[in-house]
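Respectively, the protein sequence lines represent chains X and V.
Heads up, the first sequence is in this note's numbering, so the first residue is 3 and it goes up one at a time.
Heads up, the second sequence is in this note's numbering, so the first residue is 317 and it goes up one at a time.
FYI, nobody ran anything at the bench for these hints, they're computed from the structure.
Quick caveat: nothing in here was measured; it's all calculated off a predicted structure.
Treat the hints with care, since some could be wrong.
The calculated label-pair distances, taken between Cβ atoms and stated as ranges, are [stated by the list, open to error]:
id, chain 1, residue 1, chain 2, residue 2, range
1, V, 747, X, 372, 52 to 58 Å
2, V, 705, X, 489, 30 to 36 Å
3, V, 662, X, 456, 44 to 50 Å
4, V, 688, X, 108, 56 to 62 Å
5, V, 330, X, 115, 53 to 59 Å
6, V, 547, X, 514, 54 to 60 Å
7, V, 510, X, 473, 55 to 61 Å
8, V, 755, X, 108, 56 to 62 Å
9, X, 72, V, 507, 57 to 63 Å
10, X, 70, V, 507, 23 to 29 Å
11, V, 547, X, 435, 50 to 56 Å
Glycine included, C-beta positions come from ideal geometry on N, C-alpha and C.
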Amino acid sequence: MSTIGKVTGIIANLVIVETQDRVAQNEICFIKHDDTRLMAEVIKIMGSKVYVQVFESTRGLKVGSEVEFAGHMLEVTLGPGLLSKNFDGLQNDLDKMTGVFLKRGEYTEPLENDKEYEFEPIAKAGDTVVAGDWLGEAKENWIGHKIMVPFVFTGKYTVKSVTEKGSYKINDTMAVLTDKDGKEHKVTMVQKWPVKVPIRAYTEKPRPFKVLETGVRVFDTLNPIAEGGTGFIPGPFGSGKTVLQHALSKQAEADLVIIAACGERANEVVEIFTEFPELDDPRTGRKLMERTTIIANTSNMPVAAREASVYTAMTIAEYYRSMGLKVLLLADSTSRWAQALREMSNRMEELPGPDGFPMDLPAIISNFYSRAGFVFLNNSETGSITFIGTVSPAGGNLKEPVTESTKKTARCFYALSQQRADSKRYPAIDPIESYSKYLEYPEIVEYLNKQNGENWTKNVLFVKDALLRSKEVYEQINILGDDGVPLDYHITYWKGEVVDFVISQQDAFDKIDQRSEFKRQRYMLEKVVDVLKMDFKFDSFEEVNPYFKNLINQFKQMNYSEFESEEFQNNEKELEVIIQERKVA
Amino acid sequence: MEKDTKAFQRIYTKLFQLTKATVSLHATGIGNEELAIVDGRLAQVVKIMEDVVTLQVFAGTEGIANDAEVIFTGKAPTLKVGEGLAGRFFNAYGEPIDGGEIMGEEIEIGGPSVNPVRRKQPSEFIATGIAGIDLNNALVTGQKIPFFADPDQPFNQVMANVALRAEADKIILGGVGLSNDDYLYFKSVFDEAGALDRIVGFINTTENPPVERLLVPDMALSAAEYFAVEKGEKVLVLLTDLTLYADALSIVSNRMDQIPSKDSMPGSLYSDLARLYEKAVQFPDGGSITIIAVTTLSSGDITHAIPDNTGYITEGQLFLRKDSDIGKVIVDPFRSLSRLKQLVIGKKTREDHPQVMNAAVRLYADAANSKTKLENGFDLTDYDERTLEFARAYSEKLLAIDVNVEVEAMLDTAYELFSKHFSPVEVGLKQEFVDKYWKK
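In isolation and in its complexed conformation, chain X is listed as follows (with noise of 0.2 Å):
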């Protein structure tokens, strides 16, 4: 039997319900309004008082309404048919809604529960298994969707039978499990699990030891990003935020991506509905949408359901990470998600921390990305969710504290910066700025210097280096003048520009340019670390500025030309002739 409460209270989205029965703090509550059911989240419990964020609009709710409990948090259904998916932040599927407007109190379900997969067992009768024991696996796209003990299962169970190889339905029962006291579990394909509680089904959860490749170079090349690992990319509005993501989602080294658009532009979205399905996955050959899940819930939809958004990505990607999958996990932008908390903390009068947002918003912030994670399963198979969220700081101020608390977690930092985008220079990545706390790690500098060669480290720490002298020269020549300054700050003003322009800046939008693999990488740092570590001559520093544009020139249409390519080869070639004009031997 179900709680039930009346309403008695309505402030916007929150509204008081009053109940002498059982609730729990994150319950979900059904607001009866007309002939439709509000969905709602309790938020605070004051004696009989039950404070319930709304997940809708609540124009035209009256005092006296009926609530129903549901007796669970709120919870997202797991089973094949997730990918390639477009869900709001509730796990509504958007395509099954009818009409062109998002109707109050519509809720479709999330998988297709008539369609048949392809099934093929794992386990058999007589294993003992615990919860994310892989008993079976299904057909997903390309994926091998596991078929696991459900998470919410405690303790040993003993497999009595699993179904045999064949087309299934995901209601079907697919194994039968039987608990130490001897009762038999029907297990299916599918399972429920509360979005803000964690999915720990693993053993270990080790320090990140291997790097995720994004094919971006001042990710991989400059402050590479954990396989498992966290990083963060705040920016100003017009910074290229967007941009970046994309480029991340469609080429990254990962099984599958989870893209929650929390609260940003919904022709963003529908730009990845448009090009997805268009797209070509380079490693699979398939479309990029079969390895792409979209949790949307845009700036214009319920603010409540913008919390919700985040939670409900996150645990669709603990879900597959612990089928032993690559995730990564995108999440534009948690300024929003921030903001949506302030609004509830605000109406329920709670005392405000800075600029108006909650006390625990660095908890809740850290709490999150601690979701994220390179883990290994109960059969020693691996699995990871790489988190890169990005953060809208107010005014382009990065003292503020969604940005600071976020700093405080996230082991990647990837400023983006007003002046570079300004002047064209994309991605707007400040080189100098940002930081990859994993190039401290000596498990993952081991992994690269055996992935790129022993120098690897020691080369990225040297262009970086580069770039920093870069830029105090050019502050020096910016104030004493162009003659002002001895010749050779024009050459190591310019040799950083080399950095910048041949490794920091990538074309997004060019077919070649866009997605350089490791390989890739390394002969341009190579090469790179060689021009800077050769003298130049010069006789004025007029001379300077030209030459180096050529030189830097010729390197791009290096990053033009297919790796390897005659025309690579032949752009190499030049490249060479123009260094020699000018070399010291």
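Chain X is already provided as a structure; the job is to place chain V on it using the hints.
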């Protein structure tokens, strides 16, 4: 003191609390956001606690007594929509201010959002004739973009020109705190252009109470949705000035004792503005809503909460600036941005459009550097001199807001300026475009 007049109307006459903007009374059976008439003034339910209902009185509470009559209407704010809207002007409540009633279906304003999977990617170019827009920051149907301008700049004039040239089926003007002079200006411009039958106006002038303004954008956008969804029309919505809308939001939140966030704005400012701007949409069947708005700045400061939040929501912004070299207002090519331009330029316009646009802006940037050099007393090279001459001509012939030509002519003008001041190598266009279009 409750008596039933109609089935759904209940009348109360005992207010126990009055503030500058709100009144509270004991009442039952009231819906959230429902409208009521308080002492003849329109009000809306903003809070219900047990039987205590708090109403926001749009026109303010001056002179309302604690025994004033309160009539609940049983419905949220509505607008009567129909073909008859065309050519008419309304107040913030959707009542005609030019006499006569409107026949049509009554719909609630501020309705739900479009399902993102039912949208189409915007792809139709909007020609405005202004090169600072068409050449450098092309607009697309379904886009939302504001002018960021200081209050003394002629944004309303530019907007009126854009509206008239945009070949929209309907132009909907939402005047938010418009000065009466500007209202009459819009009316006469549209009248002279013979376009009044395509215009629908919802006007709140500075003479009206500020809180009433909050209804205007929703009225305008509901009318826009009617024409775009029901009639499949291309609708252009002009909202001027949304800074005043945000100011009205902060007044209300202040009177409701809410904790302000940055710049005394309510914490929900982003969502409140996004709810309006996201009504911009391209539908698959051809109907569309394009929003051009105005956000006035305080001496060019875009880090203030209003332009800052707006910038994160909209698809670019248009900056106006007075160019002292030519004495005209221009569309600033550096600070202006149309995020959707790449969906149409070089595709719906001539193939060389993107290259010409970038080359001209780059040369204009070189000119800015030359100017700094000049101001700092450094010697100018021959190239510097030529960039300065180019910049002056570029400003005069292309960036100035009084330009009104086709895109093709803009591109030709650009080549004319290129060839007059530079060699093809200095401009750096693709060779095929040089061969085809360069003025010999």
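Outcome of the hint check:
no. : hint                        : verdict
1   : V/747 <-> X/372: 52 to 58 Å : 55 Å, holds
2   : V/705 <-> X/489: 30 to 36 Å : 32 Å, holds
3   : V/662 <-> X/456: 44 to 50 Å : 46 Å, holds
4   : V/688 <-> X/108: 56 to 62 Å : 58 Å, holds
5   : V/330 <-> X/115: 53 to 59 Å : 55 Å, holds
6   : V/547 <-> X/514: 54 to 60 Å : 46 Å, violated
7   : V/510 <-> X/473: 55 to 61 Å : 59 Å, holds
8   : V/755 <-> X/108: 56 to 62 Å : 60 Å, holds
9   : X/72 <-> V/507: 57 to 63 Å  : 59 Å, holds
10  : X/70 <-> V/507: 23 to 29 Å  : 57 Å, violated
11  : V/547 <-> X/435: 50 to 56 Å : 51 Å, holds
When held up to the earlier numbered hints, the structure conflicts with 6 and 10 and fits the remainder.
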